[in-house]
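Since each chain comes alone in its own frame, lean on the hints to assemble the complex.
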Amino acid sequence: MILKEKRNTILEEVFRTEAGCVYQSDVENCFYVDFGGRAIKFSILCFFRLKTLVDKVNLPDMAACPERSSDIEIISPCACEHCYVLTLAEIAALKELLAGAKVMLELNSILKERLCRLVK
Amino acid sequence: MKDLLRLKTSLTEEIEAVLNDQIRKEAHSSALYLAMASWCDRNGFDNSADHFYKQSDEERQHMLKIFKYVLDLGGTAVSPTILDVKFEFNSFREVFEEALEQEVLITQSINNIVDKCHKAKDYMTVEFMNWFLNEQKEEEYVARRALELFDVIGEEGTGRWEIDHQIPKIKYE
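First to last, the protein sequences are chains A and B. 1 is the number of the first residue of the first sequence in full-length UniProt numbering; add one for each residue after it. 1 is the number of the first residue of the second sequence in full-length UniProt numbering; add one for each residue after it.
Okay, chain B solo, but in the shape it has when bound (with noise of 0.2 Å):
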């Protein structure tokens, strides 16, 4: 008897589940940022808002790349429904604590994926993933880095001023 099942796809129930899983986190990730952006515009902090913009862009590349994986696999991708994203902060200290929150939850998110994969003996995909963890490596900087920028530069006078001009700066190398 032919086996169909390989046929059809090379990914396993289990972790085509997991990769939609994460494809609905990065489209969750990217409307966050979105949102963050948006906060940050109507507050007059134009640099992280554009900061935020190229996140959201950044996180929807990163959606679309774990999408055409399963398709090319032989997989089913799902188009995610998205709800409940946070629009609203409280300061604009609030808005980057949750940018880091974000990335560490991503992070652990594709660890879990990978340890998934291992268990499933899925070298493919670790392979694929290999790309997304050396990403959250940039990802978690730049998070971490903004976040310091509060305590080294101050939020008081014209401390915001500041960060928000320190943020298109940040870069990893």
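Same shape as in the complex, but just chain A (with noise of 0.2 Å):
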């Protein structure tokens, strides 16, 4: 993927599918969306953002609907510099890749929970 041939930063991958890969960073405390050619940077609260922007999207009503405009949906998470132009088929890519990353993130904080706080 582009992220790991352009930044020296360690990066730990969430989670990866086919279509992309979500990481992040310990050390600027983001992370780094790897979607559809283009690395982008999230800071914590703008990561949600997007997952909450690209879950809104209802993928049924966007199929059904004959308008040329419904073809693509953009995404423009507030304080965030970038912003994606999706298809249906991206827009559900999209959704699999962040709410993997979801669970991921929740996973790690169960087990930080569980073995590392808790028995300190």
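Dumping the calculated DSS-like pairs for lysine-lysine here, alpha-carbon to alpha-carbon at most 27 Å:
{"#": "1", "chain 1": "B", "residue 1": "K121", "chain 2": "A", "residue 2": "K102"}
{"#": "2", "chain 1": "A", "residue 1": "K56", "chain 2": "B", "residue 2": "K25"}
{"#": "3", "chain 1": "A", "residue 1": "K56", "chain 2": "A", "residue 2": "K102"}
{"#": "4", "chain 1": "B", "residue 1": "K8", "chain 2": "B", "residue 2": "K121"}
{"#": "5", "chain 1": "B", "residue 1": "K8", "chain 2": "A", "residue 2": "K102"}
{"#": "6", "chain 1": "A", "residue 1": "K56", "chain 2": "B", "residue 2": "K116"}
{"#": "7", "chain 1": "A", "residue 1": "K102", "chain 2": "B", "residue 2": "K116"}
{"#": "8", "chain 1": "B", "residue 1": "K137", "chain 2": "B", "residue 2": "K65"}
{"#": "9", "chain 1": "A", "residue 1": "K41", "chain 2": "B", "residue 2": "K8"}
{"#": "10", "chain 1": "A", "residue 1": "K95", "chain 2": "B", "residue 2": "K8"}
{"#": "11", "chain 1": "B", "residue 1": "K137", "chain 2": "B", "residue 2": "K121"}
{"#": "12", "chain 1": "A", "residue 1": "K112", "chain 2": "B", "residue 2": "K119"}
{"#": "13", "chain 1": "B", "residue 1": "K171", "chain 2": "B", "residue 2": "K137"}
{"#": "14", "chain 1": "B", "residue 1": "K121", "chain 2": "A", "residue 2": "K112"}
{"#": "15", "chain 1": "A", "residue 1": "K102", "chain 2": "B", "residue 2": "K119"}
{"#": "16", "chain 1": "A", "residue 1": "K102", "chain 2": "B", "residue 2": "K2"}
{"#": "17", "chain 1": "A", "residue 1": "K102", "chain 2": "A", "residue 2": "K112"}
{"#": "18", "chain 1": "B", "residue 1": "K2", "chain 2": "A", "residue 2": "K41"}
{"#": "19", "chain 1": "A", "residue 1": "K102", "chain 2": "B", "residue 2": "K68"}
{"#": "20", "chain 1": "B", "residue 1": "K68", "chain 2": "A", "residue 2": "K56"}
{"#": "21", "chain 1": "A", "residue 1": "K56", "chain 2": "B", "residue 2": "K8"}
{"#": "22", "chain 1": "B", "residue 1": "K68", "chain 2": "B", "residue 2": "K137"}
{"#": "23", "chain 1": "A", "residue 1": "K112", "chain 2": "B", "residue 2": "K2"}
{"#": "24", "chain 1": "A", "residue 1": "K41", "chain 2": "A", "residue 2": "K95"}
{"#": "25", "chain 1": "A", "residue 1": "K112", "chain 2": "B", "residue 2": "K8"}
{"#": "26", "chain 1": "A", "residue 1": "K95", "chain 2": "B", "residue 2": "K2"}
{"#": "27", "chain 1": "B", "residue 1": "K25", "chain 2": "B", "residue 2": "K137"}
{"#": "28", "chain 1": "B", "residue 1": "K116", "chain 2": "A", "residue 2": "K112"}
Beyond 10 Å from chain B on every Cβ pair, some chain A residues (computed):
{"#": "29", "residue": "T17"}
{"#": "30", "residue": "V85"}
{"#": "31", "residue": "E90"}
Everything labelled a hint here was simulated from the structure, so no lab data went into it. In this text, all values refer to a predicted model and were calculated from it rather than measured experimentally. Yeah, the Cβ is synthetic: ideal placement off N, Cα and C, and Gly gets one too.
What follows is the structure in structure tokens.
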């Protein structure tokens, strides 16, 4: 993926699908979303805002709507320099990627709580 | 790997969502009480109007208390949109029946939040919500007592005038 070639920061892979990958930077306290040929840096808040926006897109409605404008969706999280212009298939892929990343982050949280914080 | 999720907020997504839902319900209560105040004012029940103005203020304070709590814990508090507030009532009595119904609804909602917090082991929020449970004792008591005045005094003759004068005297002690 493009991200690894460009950066020297140590990034931990959070979740990967065929369409992309989410990384976490412990140094910068942020996430990198490598998707659609671009790697975009997101603060923690922006990352969850992006997920909320992507989750809000109703795929069945989008597929059923005959208007040409409904073929694409513009996802533009507030306070983020970037935006995504995505097709239905790409939104489905991004949903899957972000949902998987969220589950892994929650799993990491549970593991930290059970294995690290409780035994200290 | 750092636990960025926990570092960002102490609230889980589910608890944050139910707290935001409660913010919306408290805001709706505030708007509904304001509508009741308006109805009472229009129909000559000045003391009851004052009672509902105060209730409306209280509900807004409750909303802000939860709003600030969500933010204090690193969550995102959402300013609610309030639609479809009932502003016409068939009778003086119906206003108070609706008020009690609203308080029962709020109590149930808080109970559900506490239940979810226990399941999520979020004892900080349980502790926070205990204040609201205590508050609901008073809110339900006042609403129930007000409604009981309609049976005790009766609405015939100057009954409604008398009820309106007794409303400010209801105290929970």
